[in-house]
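Given these sequences and hints, build the entire structure.
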Amino acid sequence: MDISRHRVRNTRKNKRFFVFIFISFVLLIFSSFLLSGLGSWLGARFSEVIFRETSTSTENQLREDIIHLMLENSILREEAVKAERYRTLLGITRMDNRDAIAARVLYRSEGLVTGTIVVDQGSSDGVIENSVCISAEGLVGVVSSVSETTSEILPITNPSVNVSCITWPSGAFGLLQSTSDGKLNLVHVDLASEVETGNQVLTSRYGGVFPDGLIVGEVSGISSGDPGLALKLSVTPAVDFQSTGEVLLLLPEGFHEVNAQ
Amino acid sequence: MRFRIVLLTFTVFVQFILELTAGRIFLAPSLVPLVLVYFSENYGNIWAVDGAFWSGVVLDLLLHQPLGSSSLAFLTGLYAAKSFSKVSSGAGRGYLLSMMAITVSVSDTVFILAASRPIGSGFSPVLLIVIPRIVITVLTGALLLMTINRITEMRSRKVTGKLHVQG
Numbered sequence: 009m010d011i012s013r014h015r016v017r018n019t020r021k022n023k024r025f026f027v028f029i030f031i032s033f034v035l036l037i038f039s040s041f042l043l044s045g046l047g048s049w050l051g052a053r054f055s056e057v058i059f060r061e062t063s064t065s066t067e068n069q070l071r072e073d074i075i076h077l078m079l080e081n082s083i084l085r086e087e088a089v090k091a092e093r094y095r096t097l098l099g100i101t102r103m104d105n106r107d108a109i110a111a112r113v114l115y116r117s118e119g120l121v122t123g124t125i126v127v128d129q130g131s132s133d134g135v136i137e138n139s140v141c142i143s144a145e146g147l148v149g150v151v152s153s154v155s156e157t158t159s160e161i162l163p164i165t166n167p168s169v170n171v172s173c174i175t176w177p178s179g180a181f182g183l184l185q186s187t188s189d190g191k192l193n194l195v196h197v198d199l200a201s202e203v204e205t206g207n208q209v210l211t212s213r214y215g216g217v218f219p220d221g222l223i224v225g226e227v228s229g230i231s232s233g234d235p236g237l238a239l240k241l242s243v244t245p246a247v248d249f250q251s252t253g254e255v256l257l258l259l260p261e262g263f264h265e266v267n268a269q
Numbered sequence: 006m007r008f009r010i011v012l013l014t015f016t017v018f019v020q021f022i023l024e025l026t027a028g029r030i031f032l033a034p035s036l037v038p039l040v041l042v043y044f045s046e047n048y049g050n051i052w053a054v055d056g057a058f059w060s061g062v063v064l065d066l067l068l069h070q071p072l073g074s075s076s077l078a079f080l081t082g083l084y085a086a087k088s089f090s091k092v093s094s095g096a097g098r099g100y101l102l103s104m105m106a107i108t109v110s111v112s113d114t115v116f117i118l119a120a121s122r123p124i125g126s127g128f129s130p131v132l133l134i135v136i137p138r139i140v141i142t143v144l145t146g147a148l149l150l151m152t153i154n155r156i157t158e159m160r161s162r163k164v165t166g167k168l169h170v171q172g
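Residue numbers (our numbering), protein chains in the order written: chain G, 9 to 269; chain E, 6 to 172.
Rather than coming from a laboratory, the hints here were simulated on the basis of the structure. A couple of the hints might just be wrong.
Claimed, not checked - Some, not all, of what chain E presents toward chain G, calculated at C-beta under 8 Å: (1) Pro71; (2) Thr114; (3) Asn154.
What the hints assert, rightly or not - Ranges between beta-carbon positions, derived for each pair: (4) E:Ile134 x G:Gln250: 56 to 66 Å; (5) G:Asp198 x E:Ser93: 53 to 63 Å; (6) G:Ala110 x E:Ser126: 24 to 34 Å; (7) E:Arg160 x G:Lys23: 36 to 46 Å.
For each residue, glycine too, the CB sits at the ideal point set by N, CA and C.
Laid out in structure tokens, this is it:
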């Protein structure tokens, strides 16, 4: 009798354990939808309910005009303060045809596994997947997933992000890769190139994802990669990923014309 | 019961602070598995399993990690430790420290594999970071056990001293 009771208790304990394991798996698979997707959707619906227009009387019309003018005033004031900063951001891209969306970093993941950054602009603001993300210092990364009001960015220090780059002024082409601990290396660089420590690393026109001319970092070390075949350059990123606060999300060239069609 | 909830809550909070401070400089010891091992040895599996799940969920929310990764890691680590306890006949400090080391090693490995994006990309030399973390955690656990033993000894000396005086 005691043995069977003990067995029943053990079975219940094991069942509880496996139930929690199953719930953890479900959370892991659907967490991005739950937290960013669903939370973002709920936030958008909440905003629609709270801020929708309800009255059409003259007083309300005047009130709306005042609110509109106040908002415009504050936007113009804000733009006047930030004009220099955005001029710097747009100045380094050399792209006149691209639309850009300014975003703020909401949070970044911490702990044993770090890297993903979440910003406060999403699909309702025009962000699409694979948009390039830059800051005043240089290239930050690429948008990996978009929900209604937020977007997740994979930084260039993530091993799954590769960037075709060129060094300046030496002009050596290479592929920027990240190691699993976040260190950047420019690999497959021609042995004959005259690259030196301190050369800037910029995005090249090859690759198709990143526009050319974006600052990636600086060459901090040169070593032989595959023995006798190519050089491997250590790169110090231009962006401090821990303290980046404001970023720009660059939309593809001609994006709005294509959408308008 | 209140003591267990407070202890686990406090540990989760301290772990969060450590990840933001020591974790950014080098490595933070993994304290939650220590407390879960203590629960499983003294209060049974239910406390340890529930504690592993909820502390994992809270930590993921605080550290902005994929939800479910920490709880999956802690539960797996506990399972490994329990499997070890079934095959070993140990007791005492060495046995507890071995349980802690196994829990931390398995939970950190599972966490890195589950939390890295894309999933599974953590299966790389980054897993080597688990080794120094086990060392730091076991040292922290040994220090805690020594401190608790000392306090217990001092309290028992006080009590036996009183009995002796009364006798």
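Hints versus structure:
Restraint check, Pro71 of chain E versus chain G: the minimum CB separation of about 5 Å is within 8 Å; hint holds. Nearest Cβ of chain G to the Cβ of Thr114 of chain E: about 10 Å, over the 8 Å cut. The hint is violated. The interface hint given for Asn154 of chain E is broken, as the beta carbon of that residue sits about 30 Å from the closest beta carbon of chain G, more than 8 Å. About 18 Å separates the C-beta atoms of Ile134 of chain E and Gln250 of chain G, a value inconsistent with the hinted range of 56 to 66 Å.
Taken as a hint, the range 53 to 63 Å holds for the pair Asp198 of chain G and Ser93 of chain E, whose Cβ atoms sit roughly 58 Å apart. For the pair Ala110 of chain G and Ser126 of chain E, the beta carbons lie near 30 Å from each other, so the given range of 24 to 34 Å is met. Evaluation of the 36 to 46 Å hint for Arg160 of chain E and Lys23 of chain G yields a pass: the beta carbon distance comes to about 40 Å.
This entry does not satisfy hints 2, 3 and 4, going by the numbered hints stated previously.
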